[in-house]
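Listed in order, the protein sequences are those of chains E and S. Take 1 as the starting number for the first sequence in full-length UniProt numbering and just add one per residue. Take 1 as the starting number for the second sequence in full-length UniProt numbering and just add one per residue.
Check each hint, because a few of them may be wrong.
Derived coverage of chain S by chain E (criterion: at least 3 residues anywhere in the stretch with Cβ under 8 Å from a Cβ of chain E; other residues may be distant) [said to hold, decoys possible]:
| # | region |
| --- | --- |
| 1 | 50-58 |
| 2 | 111-120 |
| 3 | 125-137 |
Calculated Cβ distances over 12 Å to all of chain S for the following chain E residues [what the hints assert, rightly or not]:
| # | residue |
| --- | --- |
| 4 | Ala-60 |
| 5 | Gly-116 |
| 6 | Pro-213 |
| 7 | Ala-313 |
| 8 | Asp-337 |
| 9 | Val-392 |
| 10 | Gly-488 |
| 11 | Tyr-634 |
Since the hints were derived computationally from the structure, they do not count as laboratory data. Ideal Cβ placement from N, Cα and C applies to all residues, glycine included.
Listed here are the chains, written in short residue letters.
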Amino acid sequence: MALKTSSPRKGGIGRVNGPEGVDSIPLRYGDDPYVWACWLYYEDGMTQGEIAEAMGVSRATVNSYLADAREKGIVNISIEPARLASLTIAQELKRHFGLSDCLVVPNDDDSRPLIGRLGAAGAQALAKMIKSGDTLAVAWGRTILSVGEHLEMGPLQDVTVVQATGGTTASFAYTPELTTAAVARAIAARCVNITAPAVVASGEMHRMLLAEPLIREQFDTLARANRIVFGISSLRPNSTIHTSGFFESVPLQHYLAKGAAGVLAGRFIDERGRPVAGPLDDRTIGISLEMLRGIGTRVAVAGGFDKVPALLAALRGGYVNVLVTDAATGAGILRADGVTSLDGKLSQRQKSVPVANSYRSHVKKFLNNPNDVVEEMLDGLIAAHKPYLEPVAGSRRALVARDGPRPGKVGLVIGGGAGHEPCFVGYVGKGLADAVAIGNIFSSPPPDPIVKCAVAASGGAGVLFVYGNYAGDVMNFEMAAELAEEQGIPIRTVLTTDDIASSPVEDKEGRRGVAGNFFVFKVAGAACDRGLTLDECEAVTRKANDRTFTVGVALESCSMPQTRRHNFEIGPDDMELGMGIHGEPGVSRERIRTADEIVDTIMDNIFKEMKAESGDRVAVLVNSFGATPLMELYILFRRVEQRLSAKNITIEASWVGHYCTSLDMVGASISILHLDRQLTDLMHHPCRSSILTVNTP
Amino acid sequence: MSESAARALARMFGRMAEAIEAEKDHLSELDGAIGDGDHGITMSLGFKAVNKALAALDLDTASPSEVMQTAATGFLDAVGASTGPLYATGLRRAAQALAGRKELDLAACRDMLAAFSEGIRDRGKAQRGDKTMLDVWLPAAEAAATAVADGRSKQDFWKAVTIAADNGAAATATMVATKGRAARVRERSLGHLDPGAASAAALVRAMAETL
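Take these sequences, add in the hints, and give me the full structure.
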């Protein structure tokens with residue numbers, strides 16, 4: 001709401017100076033007294049009395065204008081979505097698992113590490129619960145130590161904080177002793193440690209230690225606990241449980257094999273929360289699961305997607321009655337337990353769009369037999385592009401360039417699934433790839449046609465494989481590389497990984513290859529055609545890939561010929577950012593915005609990674625995913641050019657059109673290749689294929 | 001049953017193809033939620049090709065190992081994708097495990113399942129909990145090993161294996177995918193069964209019905 005400002009208010013009142021009556025609604029509000037009243041109230045901050053005066057109506061009328069405006073939807077009052085979402089998730093978790101309380105921290109503040117945010121929230125929850133005279137048991141862990149560090153409490157009396165398990169080596173900061181001490185210090189409570197190891201060498205030792213009067217006394221304190229706070233550990237490879245030294249790895253494998261899904265206070269539970277029996281059971285000194293479940297207030301503080309199965313197990317097992325987690329994990333737990341009502345509640349007030357009469361359940365396509373689409377496409381394609389390519393004997397899934405391979409030249413083999421046309425077959429020709437292997441729709445080709453391509457492309461100087469980084473393609477091309485090498489053809493591989501939205505920069509190698517492979521193929525093809533060695537071809541291709549950045553946006557998903565249905569739905573007002581070139585969903589779903597705003601988001605992301613300076617040169621590709629027309633691509637290109645020229649970056653070469661599609665998907669991607677002298681030179685190297693001709697008469 | 005082991009395996013692959021065909025649309029639907037929506041089609045293609053390849057084999061003279069090897073090649077040549085190399089490697093390892101064997105006793109079935117799941121694991125470099133078909137094959141293989149060690153009957157053996165497989169498939173709904181295309185949607189994969197795990201469970205049921 002805006003603060004009161006004097007000038008518009010004067011304007012408002014000034015109107016009253018005219019002839020008495022309502023005909024003096026200022027022009028800018030049209031004839032709508034509702035909008036006028038709302039504007040004065042919400043934007044100018046006038047009181048209802050002042051508005052009544054300004055509009056020349058009664059106060060009661062103003063009051064009803066404002067109320068009606070809410071009804072009519074002229075005014076929408078919204079709560080900040082991230083906060084509303086976390087409240088909704090907390091409510092839903094509480095209801096679904098019958099918790100006595102639940103606190104969910106929003107995920108909008110990613111500047112602070114999750115552990116810290118969970119610790120602060122856990123501290124807030126504990127501060128409300130702990131009362132004088134309580135005995136609080138504390139389990140070990142990174143998150144719980146963070147709770148202790150964030151905990152601030154008013155003066156309480158006679159509180160005891162007791163360690164819930166035995167101790168561990170002090171090779172890390174969040175040992176049971178330190179975690180307990182931190183919590184005790186924050187509450188100024190009496191601290192009782194368990195002065196025995198958490199895991200001892202034998203069951204015999206376990207019995208002996210528990211018989212010690214000192215330890216028995218400590219356990220008596222533990223048995224009196226009326227509250228407990230604990231973390232939940234997953235058994236995923238990245239869990240601290242593997243590195244904490246708490247458990248030996250051999251028993252861990254045993255528990256994993258028995259279906260353990262999580263660990264709480266050193267005890268293993270399966271996906272339904274049942275205890276998992278194992279070799280550590282009678283060697284572990286600490287609270288038992290049964291004891292834990294008997295405690296009145298059982299606060300679990302944990303978050304992170306990898307912990308979803310473990311958290312779900314703990315909730316199902318009834319070990320938790322107060323949960324502190326983050327919004328994304330909370331939503332994940334609910335989804336994992338099959339709660340679907342949440343999605344409806346989260347997309348607040350989204351009115352159901354009436355289905356138009358013209359609605360069809362199937363997308364129309366030119367088809368004969370849907371199962372034969374790839375074969376029939378190949379028939380047409382091979383016939384249409386005869387001047388450029390031909391099938392390798394015996395397989396139409398392996399096509400070779402007519403004037404591509406020659407003795408002494410490094411061969412370039414590309415390939416991938418069908419459905420991306422003109423990828424990959426359009427990049428086979430003189431100065432480009434020598435051969436292409438074609439799979440089924442969105443599926444990698446098997447090793448056999450890839451090997452045939454390698455043999456056909458080989459000119460005795462080795463063969464370079466360039467393809468997108470997808471699990472299936474990697475496995476098939478790797479198997480093919482092994483087979484080709486057995487036939488004496490040296491193979492090098494460069495995976496394209498240009499989709500910067502698909503993984504953070506730390507996991508650059510894990511990114512997938514999308515439309516930017518256009519540039520990588522062009523550079524690789526030119527390098528091979530120039531007669532560079534296999535080493536040199538590989539190096540410059542790798543460089544081209546490292547300097548290519550792509551982000552895609554989809555407006556509608558694609559439909560497969562066999563199903564003729566959209567692979568998934570993108571809401572009427574939504575877009576899918578970070579879209580790949582298959583039927584799979586993108587990275588995040590957002591409200592659709594203007595073309596310029598979308599390009600700005602994409603370019604901001606690209607600029608973040610591309611260290612381009614004023615005066616640098618780039619090549620630009622604005623690519624349609626299939627159904628987006630050239631008109632819209634040019635609108636996108638317009639803004640790309642504006643953003644680049646504002647940074648004084650020169651566009652050396654540009655392509656706008658269908659270069660790497662995803663059947664009939666509506667959407668587009670923007671790829672930028674950050675050129676240097678060598679790459680510029682190779683971009684201009686002549687080439688000629690069915691869809692790409694550069695500097696060739 | 002005096003049916004030869006090779007014939008039993010061929011019949012198993014026939015049953016697998018039927019099971020996949022019945023589940024085809026369901027599998028593609030599962031895949032549509034977190035992947036690219038073609039898993040049903042891919043699996044159907046693969047098992048049709050396996051049966052086509054086996055039809056060309058003389059089952060009276062072929063060994064169980066040869067049946068597996070033929071199935072592996074048939075599957076791989078037809079499919080590619082990621083299921084191609086994974087299942088083909090699994091089947092090849094199973095062929096090695098069955099080499100020299102004439103009978104498909106429970107120990108052979110155990111070894112076959114173990115080799116099969118290890119082949120898939122090695123090729124895909126995945127592990128349990130990654131929300132993949134391994135969340136079905138590894139527990140199934142373990143259940144088989146335990147059942148043999150406990151001296152269970154044939155009926156109990158397959159019952160234990162099927163239960164382990166079905167539980168494994170169901171558990172994938174609580175996992176976040178870290179391999180393959182579903183890994184890109186991260187937490188959005190929660191609550192969805194993994195299609196690869198669902199088809200694997202269908203294959204295990206087909207094995208149990210025929211062996």
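To see whether the hints hold, each was checked on the structure:
With 0 residues carrying a beta carbon less than 8 Å from a beta carbon of chain E, the region 50-58 of chain S misses the three-residue requirement, and the given coverage is violated. Only residues whose beta carbon comes within less than 8 Å of a beta carbon in chain E count, and the region 111-120 of chain S has 0; fewer than three means the coverage is violated. Coverage of the region 125-137 of chain S by chain E holds [criterion: at least 3 residues with CB-CB distance below 8 Å; count 3]. The Cβ of E:Ala-60 lies farther than 12 Å from every Cβ of chain S, with a closest approach of about 50 Å, so its non-interface assignment holds.
Against the 12 Å criterion, E:Gly-116 stays outside the reach of chain S, whose nearest CB is about 20 Å from its own CB. No beta-carbon of chain S is positioned within 12 Å of the beta-carbon of E:Pro-213; the least distance is around 43 Å. Listed as a non-interface residue, E:Ala-313 fails to keep its Cβ farther than 12 Å from every Cβ of chain S; the least gap is roughly 8 Å. Annotated as non-interface, E:Asp-337 brings its C-beta within 12 Å of a C-beta of chain S; the closest such distance is 8 Å.
The Cβ of E:Val-392 sits about 15 Å from the closest Cβ of chain S, beyond the 12 Å cut-off, so the non-interface label holds. Every CB of chain S lies more than 12 Å from the CB of E:Gly-488, the least distance being 22 Å, so the non-interface label holds. Every beta carbon of chain S lies more than 12 Å from that of E:Tyr-634, the smallest distance being close to 29 Å; the non-interface claim holds.
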